[in-house]
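Enquirer: Listed here are the chains, written in short residue letters.
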Amino acid sequence: AQKITQTQPGMFVQEKEAVTLDCTYDTSDQSYGLFWYKQPSSGEMIFLIYQGSYDEQNATEGRYSLNFQKARKSANLVISASQLGDSAMYFCAMRENQRAAGNKLTFGGGTRVLVKP
Amino acid sequence: ETGVTQTPRHLVMGMTNKKSLKCEQHLGHNAMYWYKQSAKKPLELMFVYSLEERVENNSVPSRFSPECPNSSHLFLHLHTLQPEDSALYLCASSRLGTRDDYGYTFGSGTRLTVV
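Heads up: the protein sequence lines correspond to chains R and D, in order.
For the record, in the first sequence the residue sitting at position 5 is 5 according to the working numbering, with numbers rising by one throughout.
When you read off a place in the second sequence, starting at 1, and then add 117, the result is the number in the working numbering.
Pulled out of the complex, with its shape left as it was, chain R reads as follows:
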């Protein structure tokens, strides 16, 4: 079974509008971390935002915010005021058992966002 599910393979968004990218996860750990990364066509994975499972408030980083609903096991990314440079692939990822050796991340399949002028 997939641990990270991103149900939207691709989506269009109008410039200056907000967009929500869905992410659901599956874990039996009590302590875990959730991440979003952006991958432009150049290939580099750029860290956007982090949410810890014990964090009571939703994470925010500039135009990025994470809508964390722990009971539903969802961690949706909201990008406000979309810009043309936001066109990219977006990946949700989870790190389980944060104190284990390696701290490996498991990634979802990604959502491709295309911002229209």
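Hints listed in this document are in silico derivations from the structure and should not be mistaken for laboratory results.
Take these hints with a grain of salt, some might be off.
Stated by the list, open to error - When the alpha-carbon atoms are kept at most 27 Å apart in a straight line, the in silico DSSO-like pairs for lysine-lysine are as follows: (1) D:158 - D:135; (2) R:73 - D:158; (3) D:157 - R:116; (4) R:3 - D:153.
Unchecked claim - Label pairs and their in silico Cβ distance ranges: (5) R:78 - D:186: 40 to 48 Å; (6) R:61 - D:161: 37 to 45 Å; (7) R:40 - D:158: 15 to 23 Å.
Unchecked claim - Over 12 Å on every C-beta distance to chain R, these chain D residues come out as not near it, computed from the model: (8) 123; (9) 134; (10) 135; (11) 141; (12) 152; (13) 161; (14) 187; (15) 225; (16) 226.
All values reported here derive from a predicted model rather than from experimental measurement.
Glycine residues also receive a C-beta, built at the ideal position from the N, C-alpha and C atoms.
We have chain R; now place chain D onto it with these hints.
Expert: Chain D alone, transformed into the frame defined by chain R:
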């Protein structure tokens, strides 16, 4: 400049060649990772090195051989690859063990084509 540098950026190799991918970080991180990203597939974790010791090998074929000589450098040695090994290979590094670990820092990747 991302803090994690991968070379080469692009590599075309024949199935009988031997080549190596290099990854270097000077962020003070103590864990390093190799991921494979194929078209239309999620990122696949290949190897994990924690404190220079390999702690995970996800059933990767032996034609891929990792090496971590120190905490700043990670290599992926390639030999007798197959066309299906063509992909983007991403290196990442991270700190270990604390909730304040903000995940990975990735390199820009090596786009490998096996002909």
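Enquirer: It remains to establish, for every hint, whether it holds in the given structure.
Expert: How the hints compare with the structure:
| no. | hint | result |
| --- | --- | --- |
| 1 | D:158 - D:135 | holds (26 Å) |
| 2 | R:73 - D:158 | holds (23 Å) |
| 3 | D:157 - R:116 | holds (23 Å) |
| 4 | R:3 - D:153 | holds (18 Å) |
| 5 | R:78 - D:186: 40 to 48 Å | holds (42 Å) |
| 6 | R:61 - D:161: 37 to 45 Å | violated (27 Å) |
| 7 | R:40 - D:158: 15 to 23 Å | holds (19 Å) |
| 8 | 123 | violated (9 Å) |
| 9 | 134 | holds (22 Å) |
| 10 | 135 | holds (24 Å) |
| 11 | 141 | holds (15 Å) |
| 12 | 152 | violated (8 Å) |
| 13 | 161 | violated (9 Å) |
| 14 | 187 | holds (17 Å) |
| 15 | 225 | violated (4 Å) |
| 16 | 226 | violated (4 Å) |
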